[in-house]
Each structure stands twice: as structure tokens, then as C-alpha cells.
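The whole structure should be built from the sequences, with the hints applied where relevant.
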Amino acid sequence: MSLSLIQTALELGLICSLTTLALFLSYSMLNVCDLSTDGCFTFGAAVGAVVVLSGHPLLSIPAAMLAGACSGFVTALLQTRMGINSLLAGIIVNRALYSVNIGVMGGKAQLNMYKTTTIFTMVRDLLKNTPLAGMNELVIALMAVVLVITILALFLRTRLGMAIRATGDNPDMVRSSSINPVFTTTVGLCVANAITGLSGCLLAQSQSSVNSDLGSGMVTIALASLLIGNTLMGKGSILFRAVGMAVGSFLFQMVYSVALRLNMPAFMLNLMSSVIVTLAIFVPYLKEQLPILRRRLTGRGGEIAC
Amino acid sequence: MLNVSHISKTFNPGTVNEKRIFTDFSLHLDPGDFVTIIGSNGAGKSTLFNAIAGDFFTDSGSIEVNGRDVTFTPSYQRAKHIGRLFQDPMRGTAPHMTIEENLAMAAGSGGWFSHMSRSDRERFREKLSQLNMGLEDRMRQPVGLLSGGQRQALSLLMSTMNPPWLLLLDEHTAALDPATAEKVLELTQKVVAEGKITTLMVTHNMRQALDLGNRTLMMDNGGIVLDVKGEERRRMTVDDLLDQFKMGAGKDLDNDRMLLSE
Chain A
3 MSLSLIQTAL ELGLICSLTT LALFLSYSML NVCDLSTDGC FTFGAAVGAV VVLSGHPLLS
63 IPAAMLAGAC SGFVTALLQT RMGINSLLAG IIVNRALYSV NIGVMGGKAQ LNMYKTTTIF
123 TMVRDLLKNT PLAGMNELVI ALMAVVLVIT ILALFLRTRL GMAIRATGDN PDMVRSSSIN
183 PVFTTTVGLC VANAITGLSG CLLAQSQSSV NSDLGSGMVT IALASLLIGN TLMGKGSILF
243 RAVGMAVGSF LFQMVYSVAL RLNMPAFMLN LMSSVIVTLA IFVPYLKEQL PILRRRLTGR
303 GGEIAC
Chain B
4 MLNVSHISKT FNPGTVNEKR IFTDFSLHLD PGDFVTIIGS NGAGKSTLFN AIAGDFFTDS
64 GSIEVNGRDV TFTPSYQRAK HIGRLFQDPM RGTAPHMTIE ENLAMAAGSG GWFSHMSRSD
124 RERFREKLSQ LNMGLEDRMR QPVGLLSGGQ RQALSLLMST MNPPWLLLLD EHTAALDPAT
184 AEKVLELTQK VVAEGKITTL MVTHNMRQAL DLGNRTLMMD NGGIVLDVKG EERRRMTVDD
244 LLDQFKMGAG KDLDNDRMLL SE
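Those sequence lines, one after another, are chains A and B.
Count the first sequence with my numbering and you get residues 3 to 308, in order.
Count the second sequence with my numbering and you get residues 4 to 265, in order.
Please keep in mind that the hints were generated in silico from the structure rather than gathered at the bench.
Every residue, glycine too, gets a C-beta built ideally from N, C-alpha and C.
Among the hints, erroneous ones may be present.
Some but not every residue of chain A turned toward chain B, in silico, with C-beta under 10 Å [as the list claims (entries may be wrong)]:
| # | residue |
| --- | --- |
| 1 | Arg83 |
| 2 | Met84 |
| 3 | Gly85 |
| 4 | Leu156 |
| 5 | Ala165 |
| 6 | Arg167 |
| 7 | Gly170 |
| 8 | Asn172 |
| 9 | Ser179 |
| 10 | Asn182 |
| 11 | Pro183 |
| 12 | Val189 |
| 13 | Glu290 |
Selected chain B positions facing chain A (Cβ under 8 Å, derived; list incomplete) [to be verified]:
| # | residue |
| --- | --- |
| 14 | Tyr79 |
| 15 | Gly95 |
| 16 | Thr96 |
| 17 | Gly113 |
| 18 | Trp115 |
Here it is in C-alpha cells:
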């Protein structure tokens, strides 16, 4: 296994782990499966790219995050105030963002940033003649992930953060604490989608281009990473579990890179992530059912005498 | 303290499942009242609690708590002044969060971005030690690991952390084993007496209904069929209660759990 393979997996894993962290907030904490993730990822990428192309690479980060937060706000609005099922709300917003994204990119399905200054070229120039030369992508991705994990772990221990966690755990209890679950759901989805937007923005700039399909399949990739992370580091403090998300993302990208190296065609990525998601949810379920299954297979009654 | 006046409520109006629960129902509680409620299956005891707590809005009439009209106040806002315990010990707490986090949510002090402070923890520890359940040494454990009785005791602590104007207890000891139920009930009496909290308690235990509090209501078919307090209540026996119910409702009391517990 070559070093460059690991480095690529690490870079991609780190950038995508931001989306995994976003799902960590919405899926694991709020208990909302946010299917607008794909569109939101591209939305962050598109908005970021437009800001970069207008000559403000640093501004692209807050812009992409704000865009993501807006998308999260709309998803939350649909499910909390308009009576739309949360899965459907995600699908609707995801679909709508497809048009919005092309609109943001000025009607084009693709934007290139090869000749413009991006965050990555800025850091590359900064790192010239230092031991870290050529590692600009890794440095940026690592910084972003460390920052997001730290802020997220701190945030989830604040009163608002706890209220968001409690909303996914027991909304009745949130209400009896005089907090409106609608409010916590909205804040949670805004924050989560802001992180998804950031993730998309960084990926687009790292590969110097964005197209309207950039985020397609992101939600299953992130879910697969999240479930891998949960399996390995699912128990413990919030910080530990959040780090597990990054580890899960890296492992997923590793598996993918190795599979590519073993001549798996690239188009298999989505099938692979779907299979991982299915297995990660199915295996614990099967474990639970196993004793009954075994009893039924070994004959009626099992150990219990009739 | 509580003034429910002339409320009515029909669920699923205009469908085959239409169910009229209350028609012109009224109830008044004085400050410091501890009222026990018994009644047959489907009498509307829990529905009354849900109406007071704001799970649904009534079709007509008004609800006042401590002089404030809360008829159209959403439940999460009423919760600031109305504490509530359910029969199911799981409903009052968040299982994947730690004991201290649950308490911090209930305490609700500090701004949105404040962290739990050391003094908060000390306060929670002191409160928990009053339960005599050893929970003060398990503050960092998820609530999901506690037994039903422990969770219910914790819920009680949480809903009375900031003493509410009104406490609603909906058979909150019914799902616990007898010894634990006894303990949670003792705690309830202590907390209610200390805070002089106006309390409404649904129970299926007739003995309990007469022994606890200062007033007993019997409900049937969305109405109050018996309301006793003072001297009359002190002299009352369980048999008297059953007779009175028969007179008021025109039928025998039919509550499965009540019959089983007697």
C-alpha cells in the first residue's frame, strides 16, 4: 500500500468526515435522517466556488456555511411548521437544491477554479519551503476537522446542545423542561447543514471544480462512515464519539481506495456505501434476533419445556 | 390556583371515531390543595391532565393557572409552571443522557450557551442524596441504566426542581413494585409539603385516595360524580366511597386495576 494512497484517503476522509459530523448531529443526536445532505453539500460547494471566483477565497467558508444553514432552516421549517414528514422534507429540499445549485452557478452545471486563488492554493503558497510543503490539502482538512470537532463537542455540552440531544432522545422531556422542540430541531438542522456546506465547499476547492452532481451519494457515504465510527468508537464521551466519526470516514475512504486499487470500477462507490449502511444497521438487528431465530431452528420450545 | 371552567373537547369530530370527552367541565383548586382523583376506565382523568398541561387545546372554555389564562398557551410554555409525572417512568427522562445532564435540563438555569458549573453539580448532588438511592455517586451515568423506580424518583426531582405552581401526577407509582412505589410516594408527599405545591394525583388505590391529600374527586364519563373534603372525607371508608360512586354514576365502579388492587 503506497503512502500516497493513504494520504489521499486521509484527505478525502477528513473533508468528508465533516459531513459525517453533520449527520452525527442530525442523525445520532436529533434522530432526524436528513436526506437533504446531498443537495446541501453541493450547495455549499457551489456558493463557495462562486465566492472564490469573485476573488474572495477566505469569504467562501462563511458563505458556504451560511448557505448550508439556510438550507437546514428550510428543511426544519418544512418538517416542524408545515406538517411534512421529516424524510420527505429532506427529499423535497434536496430536489429543490438541485435547481438552486445550477442557478447559483449561473445556469452552468460545472464551474472550474483552476486559474483562481482558492484556500488550498493560498495555503500551498504559505507552506512553500517548510517541511509541510505539498501537504496543503491535509493541513486544511485536518484544521477544519479539529476545529469542527472541538466546537461541536463544546456546543453539545451547553444548555442548547443538551436540549438538542434531548430532543432526539425524548421530546416529551424537552417540552417539560419548557423548551420548544421545534426550536431545538431548527437550530440542530441549521448547524448540521452549515457543517455539510463547509464540507462541500472544501471538497470543491480541493479539486478545483464543482459540478451539480458533486454531492450525489454523500448521504450514504456519510452514513456508512458514521456507522463504522459508531461501531468502533460509539460508546464514551461526545468528544470521543465525534473523533470516531473522523476515524470512520477515514476507514471508509481507505476501503474505497483499496477497492479501487484492486480494480473495482469507480462507479461502484454508491453500491459499496449502500451495502455498508445496510450491513451496519442489519448486523446489530440480526444479533438481537439471533436467539429467537436459533430457538425456532433447533425445534419448537428450545430450552423451555412445554 | 387552578381554574378549569366550562371546557369541552371532542376528539375526531365528524368521523365514526368521534369521541366526546368533556362537555362543560369545570374544576377549581385552591392554593396548596392536594387532590386525589379516582375513576372508572375512560373517565377522562388522563385527558383532563392533558388538557391542563396543554397537549391539546380545548374546543371551548378556559383554563387558568395561578390567575394566568393559559387556554392557548403551548404545552412547553405551560411546563414552566406545571410539573408532570406519568405512569411510564421512561417519559420523564432522556435515557442516553447522564443523570446530571437530565437534571441540568430540568433546572434550566443559565443562558443557552452556558455549561454546567461546579455549583450546579453540587446542587444536583445534594438533591439526589435526598432520594437515598445512591444516585449522587452515579451522576455521570446515562439515565437508561437506572431502574424504573429510580427513573421515576429522578423525574419527580426534575419536575419539582423549580417548584411548579401545579403538579400533575398521573398514576406515577402504578408501574413500580410495591416497595419502590411506597418510597416514591413518600418522596412525593415530602416534596409537595416542602414546596406547598398544589397537586392533582390520579390513583387507582382507593385507600391511597382517601389517605393522601385534603380532597378526593371521583370521575366518570367526563364528569365529576363525587367531590369530598374536610370532615366528611375523614370519616369515609373505601366501602362508603364505592357506594357513593354508585349513587353518583348510577353504576358500579369499573376500573380493572382498581379491582385487582383491592
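Here is what the structure says about each hint:
no. : hint   : result
1   : Arg83  : 13 Å, violated
2   : Met84  : 17 Å, violated
3   : Gly85  : 16 Å, violated
4   : Leu156 : 8 Å, holds
5   : Ala165 : 7 Å, holds
6   : Arg167 : 6 Å, holds
7   : Gly170 : 8 Å, holds
8   : Asn172 : 4 Å, holds
9   : Ser179 : 5 Å, holds
10  : Asn182 : 5 Å, holds
11  : Pro183 : 7 Å, holds
12  : Val189 : 9 Å, holds
13  : Glu290 : 16 Å, violated
14  : Tyr79  : 4 Å, holds
15  : Gly95  : 6 Å, holds
16  : Thr96  : 6 Å, holds
17  : Gly113 : 6 Å, holds
18  : Trp115 : 4 Å, holds
Taken one by one, the earlier hints fail for this structure at numbers 1, 2, 3, 13, listed in ascending order.
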